[in-house]
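Enquirer: Produce the complete structure using the sequences and hints provided.
Single-letter residue listing:
Protein chains: 2
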Amino acid sequence: MTDLARNGQAVTETSPPVRTAQNTVLSVDAMGGDGGPAPVVAGMAMAAKNIPDIRFILHGPEAELKQLLAKRHDLDGRVTIRDAAGVVKMDDKPGHVMRNGQDTSMWSAIDAVRNGEAKVAVSCGNTGALMGVSMVRLRKAAGVNRPAIACLWPSRSKSGFNVMLDVGADIKADADDLVQFALMGGSYARNGLGIETPRIGLLNNGTEEHKGRVEMREAHEMLETVAGENQFHFVGFVEGGDIPSDKVDVIVTDGFTGNVALKTAEGTAKLISELLRGAFKHTVLSRVAALLAMPSLRRLSQRIDPRRVNGGVFLGLNGTVVKSHGSADATGVAAALKLAFTLARSGFTERLAARVASFSPRGSAQTDGAGEAAQDA
Amino acid sequence: MTDLARNGQAVTETSPPVRTAQNTVLSVDAMGGDGGPAPVVAGMAMAAKNIPDIRFILHGPEAELKQLLAKRHDLDGRVTIRDAAGVVKMDDKPGHVMRNGQDTSMWSAIDAVRNGEAKVAVSCGNTGALMGVSMVRLRKAAGVNRPAIACLWPSRSKSGFNVMLDVGADIKADADDLVQFALMGGSYARNGLGIETPRIGLLNNGTEEHKGRVEMREAHEMLETVAGENQFHFVGFVEGGDIPSDKVDVIVTDGFTGNVALKTAEGTAKLISELLRGAFKHTVLSRVAALLAMPSLRRLSQRIDPRRVNGGVFLGLNGTVVKSHGSADATGVAAALKLAFTLARSGFTERLAARVASFSPRGSAQTDGAGEAAQDA
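First to last, the protein sequences are chains L and X.
When you read off a place in the first sequence, starting at 1, and then add 1, the result is the number in the numbering used here.
When you read off a place in the second sequence, starting at 1, and then add 1, the result is the number in the numbering used here.
Worth flagging that the hints you see were computed from the coordinates, not collected in a lab.
Note that the coordinates shown come from a computational prediction; the quantities given were computed from them, not determined experimentally.
Please note that a few of the clues may not be correct.
The list makes no distinction among identical chains, and a pair is therefore deemed to hold if it is satisfied within one copy or across any two copies.
[What the hints assert, rightly or not] Think about it this way: if two alpha-carbon atoms lie no more than 27 Å apart in a straight line, the pair counts; the simulated BS3-like pairs of lysine-lysine are:
#1 Lys67 - Lys94
#2 Lys141 - Lys339
#3 Lys50 - Lys339
#4 Lys271 - Lys159
#5 Lys212 - Lys271
#6 Lys212 - Lys141
#7 Lys212 - Lys173
#8 Lys282 - Lys271
#9 Lys94 - Lys173
#10 Lys173 - Lys141
#11 Lys90 - Lys248
#12 Lys282 - Lys248
#13 Lys271 - Lys141
#14 Lys212 - Lys94
Expert: This is the structure:
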C-alpha cells in the first residue's frame, strides 16, 4: 500500500478491526439505503449464519448501530463499529458528496478499503455519490482508463446469470475502454461466478461484423486478437435479445447503452408481472387458478428475483465496491454481502489489476512477466 | 409530385389500379416474409372484412398470387396484382438489393408509392433492404436529415401503446436529429394513435437535466423551446423503465440505443414466458393450475402480443412504409395493414412533411406560413 493510501482522514475507531489469517473482512456502509440500517444489519446476520469466516467493519452512527447489533447474536464478536454521523441521501448530488462527504458512513466505508482494512466495501446508498467517493478515495487501478459497473443478469446460462458491464459508471466508451471492460468483466466472471473461460460478447445493433459504430468494429477486431492470451472466448457481436441467453457469459457495452438496457429489462419485467397479476384477478375462476398457480409463480419470481442478483460491482479501482439496491431488504443485503465475500476471498482486486496491467491497448504484445502475473485473474 | 417521381421503372400492370375518391389504396409486398405470400393474402382478407374502403396493389409472382386470391372472396375486386418475379431474401445485403433489386416485389411495392398510386407501402421483408430501397426510391422528405423507424410498445398509457423511435434506421443521431425524431414521432402519435397533444420524452441514463451525452442535453433544451408551437408536451428525460409507462406517449432516442432497448425488452419478455411455462410444468398440481390459469395467461399474452403491435413505420421519406415482422401470421399482417390504412387515410405523409418543414433547426423561429401548414400534422 502507498503512503498516500495510509494517509486517509481520521476515523473514530471504537474497537480494533477484527481480522485473522482465516477471516475475511468486509467494509459495510450501514446508512443510505431506503430502509436505514435495520435491513443492513439483518442482512449481515443472515450472511454470517452461512459464512463462518465473514467479519465486518460497520460504518454509521455508533449508538444506533449498537442497539441494532445487540439483538443479533449471530454477529457477536464479528463486527467492528466505525462511528460516522453523516448520511448520504439518495438525492444528494455526487459532486457535493465528493467535496463535503468526509463525515459520512459512505466515505468511511470506502476509506476502510483505502486503508487496507478490508478488500471490499458494500453500500446500499446513492450510486452516483458512491461512484464519486470511490473514484476520489480509491483512485483508478494502474492502466484503467474508465472504471465500470458490472451487474448480474438472470439468464439461461448454467450459472443462472450473465455479467453485463458497463451499466452506468460512465456514459462513453471508446474501443480501448470496451476491451478493458471485456478484461475486467472476464475477471469478474472467473472470480465471482467461477467460470474458467468466460464467453464474452460485444453488444451491438446486429451480429454482422460490418454493423454498428466505428468504436464497436474496432473493439471487435481487438477482442479477436487478445481473447486467447486473456483466457476468454470472444463470441463477437451480440444483440439485446442475447443478453439473457446461454451463448454468452459477459456482455460488454458502454455505460449509456448498458444503463438503458438494464432499466428497460427491469421495466419490461415489472409491466409483465403487473399484467399477470391483473389477468389473474379478472374472473372468479382465474382467482381460483391464481391460488393454485401460486407455488409456480413463486418459483418463477424467485428465479428472476432482483434480490438474488443484488449487487452492482465497481470494477477498475484500487479496491472493489459492491453497490446494493437502495431498496434491498435483508435477503438482498445478504446476497450482496455473499458476493462481496466471494470476491474478497478470491483476491479479485489484485487479480483484476494484474489482468488489466498485462494488456497493452491496441492489441500490442504483452510482456511475459505481466502475462504470468495475470494467470487466472 | 415531381417529374422525377413519375419516371419510375416500368412495371407490368395486369389491370388498372383500383382507386376511387372514397377508397384508400395500400401497396403490399406479397413476398419476403418467413411464410411467403400465404399469410400476407390471409391478412389482407382479414383486414378487408373490417375495413370496407381498403384497396390493395399486391406485388409478387402473378400466377402464385392469382391462385391465393382465388380462394379469398372478401378480396374480390379489391386487389390489383403487379407482377414481380424477384424476391428479396432475409439474408440479402441491403446494398446488393439497392443496386440490383429492380425486379423484386419489394422494389415494386415501394415504387407504387413513389408513383403516387398508393400513399403507404407494407412489407414483411428484410428490414435493412426495405429501408435501403425506400431511401433510394422515395428519398428523404424536404428538411429531414435522418429518417427513423418508429415502433409501438405495449404500455400503461390509455391507448395501450407508446411510440418509440428511432429503433434502427440509423446508428447515430445528433441534437437536431433527435428534435426531428420528436416532431415525426409526435405527428405519428397524432395521426396513428389519435393522441392530440402527445407527451414526448427523451431517453437518457437518468432524469436529471445534467445527465447524459452532450447531444442529449442540447436536444433537451431545444425541445423545451419548440414543444408549444409543435403541439406536444415535452416531459424531459425519461429512463428505460419509463418506456412502457403512462407518463409519456413518444420516446425519442438514437437508432443504436432504440434497437438495443427494443431487442432487450423482447428478450426479457421471451425469457419470462419460458420460465413461466417451465414453472407451470414443475409438479402435477402446477399442471392443473396451468389448465385453470390458461384463460388468464391468454389474456396476458394478447395484451403484449407482438402481433398486435406489428408494424415498424419508416418516417421522414416522401411516402410512408410499414415494416411488418418477417414471421407475421395473418393476424400480424392484418394489424400492420390496419395501421397503414389509418396513416394513409389521415394524410399522414403530407402532415409529417409539413410538420418537419415548419421547424428550423436550433430552435430558431418558424415562418408563419409553414406554421399554419403544419396545423394538426
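Enquirer: Now tell me, hint by hint, if it's right for this structure.
Expert: Here is what the structure says about each hint:
Neither within a single protomer nor between protomers do Lys67 and Lys94 lie at most 27 Å apart by alpha-carbon distance, with minima of 29 Å and 67 Å respectively. For the homomeric pair Lys141 and Lys339, the shortest alpha-carbon distance inside one copy (24 Å) is at most 27 Å, but the shortest distance between copies (55 Å) is not. When the C-alpha separation of Lys50 and Lys339 is checked against a cutoff of 27 Å, the pair qualifies only within one copy, where the shortest distance is 11 Å, while the shortest distance between copies is 60 Å. Proximity of Lys271 to Lys159 under the C-alpha cut-off of 27 Å is found in both arrangements, the shortest distances being 24 Å within a copy and 18 Å between copies.
Taking identical chains as interchangeable, the C-alpha atoms of Lys212 and Lys271 lie at most 27 Å apart only when they sit on different chains, with a minimum of 24 Å there against 31 Å within one chain. In this homomeric assembly, Lys212 and Lys141 come within 27 Å of each other (Cα to Cα) only across copies, at 22 Å, whereas the closest approach inside a single copy is 32 Å. In this assembly of identical chains, the alpha carbons of Lys212 and Lys173 lie at most 27 Å apart whether taken from the same copy (19 Å) or from different copies (12 Å). Proximity of Lys282 to Lys271 under the C-alpha cut-off of 27 Å is found in both arrangements, the shortest distances being 17 Å within a copy and 23 Å between copies.
In this homomeric assembly, Lys94 and Lys173 come within 27 Å of each other (Cα to Cα) only inside a single copy, at 20 Å, whereas the closest approach across copies is 30 Å. For the homomeric pair Lys173 and Lys141, the shortest alpha-carbon distance inside one copy (17 Å) is at most 27 Å, but the shortest distance between copies (30 Å) is not. For the homomeric pair Lys90 and Lys248, the shortest alpha-carbon distance between copies (26 Å) is at most 27 Å, but the shortest distance inside one copy (40 Å) is not. For the homomeric pair Lys282 and Lys248, the shortest alpha-carbon distance between copies (25 Å) is at most 27 Å, but the shortest distance inside one copy (37 Å) is not.
Proximity of Lys271 and Lys141 under a CA criterion of 27 Å is satisfied in neither setting, with 35 Å inside one chain copy and 38 Å between copies. For the identical chains of this complex, Lys212 and Lys94 are inter-copy neighbours only, at 12 Å across copies versus 38 Å inside a copy, given an alpha-carbon limit of 27 Å.
Checked against the numbered hints given earlier, the structure breaks hints 1 and 13 and satisfies all the rest.
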